[in-house]
Amino acid sequence: MPVLSRRLPWLFSLALIFIFLTLCVNYGLRSGGSLFTIAERSALTMTYPLQKSIDFVFTLSSDFLDRYIKLVDVKERNHKLKADNDLLKFRIEQLQETQNENRRLHQLLNFKKQHEILNQGIAAHVIGRQTSPLSHILVIDCGSNQNLDLNNPAFTLGGVVGRIIACGPQSAKVLLLIDRNSACDVIIQRNRIRGVLQGTGTNLCRLAYLQRTADVKVGDKLITSGLDSIFPKGITVGTVITVSNESDGLIKKIQVRPEFDPDTIEEVYVIPSLATAAADNQAQLTTTSQTTGE
Amino acid sequence: MSTLSLFFPLYFTLAALFLTAIETTLFPHLGVPSVCTPDLNLALITFLASCSLGWRSFLAALGVAFASSLYSSSPGIIQPGIMLFIFFTGSRLNQTIFMNNILPQAVFAGSGKLVMTVFLGLLAAPSPPFSTTVIGAFGCALTTALFTLPILAYLNMLQERFRPVNPDSIAL
Numbered sequence: 000m001p002v003l004s005r006r007l008p009w010l011f012s013l014a015l016i017f018i019f020l021t022l023c024v025n026y027g028l029r030s031g032g033s034l035f036t037i038a039e040r041s042a043l044t045m046t047y048p049l050q051k052s053i054d055f056v057f058t059l060s061s062d063f064l065d066r067y068i069k070l071v072d073v074k075e076r077n078h079k080l081k082a083d084n085d086l087l088k089f090r091i092e093q094l095q096e097t098q099n100e101n102r103r104l105h106q107l108l109n110f111k112k113q114h115e116i117l118n119q120g121i122a123a124h125v126i127g128r129q130t131s132p133l134s135h136i137l138v139i140d141c142g143s144n145q146n147l148d149l150n151n152p153a154f155t156l157g158g159v160v161g162r163i164i165a166c167g168p169q170s171a172k173v174l175l176l177i178d179r180n181s182a183c184d185v186i187i188q189r190n191r192i193r194g195v196l197q198g199t200g201t202n203l204c205r206l207a208y209l210q211r212t213a214d215v216k217v218g219d220k221l222i223t224s225g226l227d228s229i230f231p232k233g234i235t236v237g238t239v240i241t242v243s244n245e246s247d248g249l250i251k252k253i254q255v256r257p258e259f260d261p262d263t264i265e266e267v268y269v270i271p272s273l274a275t276a277a278a279d280n281q282a283q284l285t286t287t288s289q290t291t292g293e
Numbered sequence: 000m001s002t003l004s005l006f007f008p009l010y011f012t013l014a015a016l017f018l019t020a021i022e023t024t025l026f027p028h029l030g031v032p033s034v035c036t037p038d039l040n041l042a043l044i045t046f047l048a049s050c051s052l053g054w055r056s057f058l059a060a061l062g063v064a065f066a067s068s069l070y071s072s073s074p075g076i077i078q079p080g081i082m083l084f085i086f087f088t089g090s091r092l093n094q095t096i097f098m099n100n101i102l103p104q105a106v107f108a109g110s111g112k113l114v115m116t117v118f119l120g121l122l123a124a125p126s127p128p129f130s131t132t133v134i135g136a137f138g139c140a141l142t143t144a145l146f147t148l149p150i151l152a153y154l155n156m157l158q159e160r161f162r163p164v165n166p167d168s169i170a171l
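Here the protein sequences line up with chains X and Y, keeping their order. In terms of numbering that gives the first Met the number 0, the first sequence opens at residue 0 and continues consecutively. In terms of numbering that gives the first Met the number 0, the second sequence opens at residue 0 and continues consecutively.
It is possible that part of the hints are untrue.
As the list claims (entries may be wrong) - Some but not every residue of chain Y turned toward chain X, in silico, with C-beta under 10 Å: (1) L13; (2) S68; (3) Y70.
Hint data in this document are derived by calculation from the structure and do not stem from the laboratory. No residue lacks a Cβ here, since even glycine has one placed at the ideal position from N, Cα and C.
Isolated chain Y (complex conformation) (with noise of 0.2 Å):
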């Protein structure tokens, strides 16, 4: 096992920082709206979910969640427990899709984005309108489906080169 295999898990939680540090400072410049704002994080997540490393991949996704959510306005536990929702969910999921079809990626990122945004939505005090809830869920799940495909094509792209001899390690 690499020695590097040991910190995967950092790998992805400071990438996850900095791409919220990304999001929050390049899509306002880029004139998207704050409601439509993608959460890029949702990709990493996705990817992970596809990761058979065990638990290497699910202490990545919690540093995801966990980074994720320090960026959020909802910081407490709720962001970070969808995620890892969404990622329990993926991990579910047939994993030749995910590793071989980019876009059912992206569509389950999306989707992720979707859900997350109509439970924040719900949980939030004040509640906004619903027609407010359902226009911003969706247009989160859309840019988010549309973010996340070049990263999620470049990671696959990563793990495609890099792939390890040993199932259980990986080198970056």
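Pulled out of the complex, with its shape left as it was, chain X reads as follows (with noise of 0.2 Å):
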């Protein structure tokens, strides 16, 4: 009995809970589980103040964080991005350029296919240019190391450029068409009138010495001749584009457009000279036939 007395309040607890669980259940059985309905009304409706507080801190405090404190890295990311955003954009203006002079040497390569002559020629980067008004003149990275000379014709795309008038190891000057002190032996193309065009210290140039009597038309074009011993003969040179006669003159007043731009040439088509290309492939057979001989 001792025993029983000491564990009655155990088993009356457990009876009660027994009695308690065993009601829950019947009465959600056959009610749909309104009593837990009404409770969690209850306790949402009473817990919903510190809910929203706490929910109203918390996002208050990472709202803080994130627009304020995590700026110090968003500021050091930024510039990181920056830094990146110039980089690419200086390798996208860097592989543009390198299109550019790619489509640029296409063509190029176009044009020396056209004439036989230029398949002995090199092509050279222009990397100077002279800043005086009164002289045309460009630098090329070729020099004598590349077996250019002094005289040697340069081209670009349009035709004629110009001709070398100093040479270095590495590097050359490109007297260009328009300098003042520049001539070339030029012939009409439509009807093989020959001509001299001399630069004119603009960017255009001068058809000399013709007669007054001479059919000279706009829009002429004119190639060389070859009787400079400069320039190959059937190169385009220009375009006339005006053409008068002087009052008292002997002579016809002919201004001639060059197939270049002086201001956005960036690579020229230079052949050496023709007796040395003459040797040099000379030079070439033998060896060869020479290797196949062994």
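Using the hints, put the two standalone chains together into the complex.
What follows is the structure, encoded as structure tokens:
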């Protein structure tokens, strides 16, 4: 009995739990759990302010962290992204330049294929240009090391550009056709009339020494005659843009626009001395035949 | 006997209710995964299991089990039943250990969460994979044990400070 009386509270508690749980289960089964529904509604109503406050505090804190504290990292990241952006822009520009260069060289190659004599030539980059308005000279990155010499002709996509007037081991100066000291023997492609193309110091040239009666029209194409022993024959030089007769003169006044823009030239094609090139070709042929013979 | 001691079960029921509300709002903000959300009410159950207040502690445990089940996804009778089972299991242990060592209490609360998760996982329909149940159970047990430590320390500190002269009464 003492044992039972000592355990009576526990037995009473267990019985109470059992009765309570049974009642809950029965009530829940019969009423579809409305007891819990009411209790849940009450609990939600009671705890809503607390939950709302916690959520407000944490949302405010996270917003503060995101918008202010983390801005330090954002600033550093922004600097890094700006640097990356600048680098990418620079690379894009480099790629665009390479693409443009590739296109120009491709056109130059086509130009070279059209004129067999140019097969002996080499391409050179323009690495400098005279800044004086009175002289029109380019500096290219090829020189005597590449078999270039004085008076070697230079071309661009449109046609003749000029000739070399000074040649170093690795660079050379090209006197443009438009320079006042430049001259080139040309013929009009349409009727084969000869003339001398002279530079004027501007972006235009002058076709000199043609008689008043010469048949020259605006739009006539000029090509090299090959008689000056500098420029090979048949290369385009320019186009006639104005033709006029001086009132008291014996010759025509003809303005010619060359086929290149002096301000935008970036690559030129230079033909080494014809004699040198021929000698080189002969030497190469000899070497090849000797190798084959062995 | 203090008049307030009559409301002893109500205190813990309300505490369990607000503690559950805090759990459901606070832990998602802290980034605790839902599968590892601790059950802080088990800290109250564990504490009540160590209280030698007879029917008051039992009623308080009943209130805690009921209040916590209101926020559970398995309201019915399962969750409060398991919590009460844990309460009676705890009350069978040596109370000296419970009162003087907070860590064993936390471990017991974690074990309780482990049992609850396994039971609820097994009873859930459709049943989750066994591996998910095991991982979730151990995750819940670990986080519950960790998060109940400060609560148990605070409750034990309160009990020590307001130790009643008459062991059958309590003054909060």
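Evaluation of the provided hints:
1. L13: Result: holds, 8 Å to nearest chain X Cβ.
2. S68: Holds: closest Cβ of chain X sits about 8 Å from Y:S68, inside 10 Å.
3. Y70: Where the cut-off is 10 Å and the nearest Cβ of chain X is about 7 Å from Y:Y70, the hint holds.
In terms of the numbered hints stated before, the structure departs from none.
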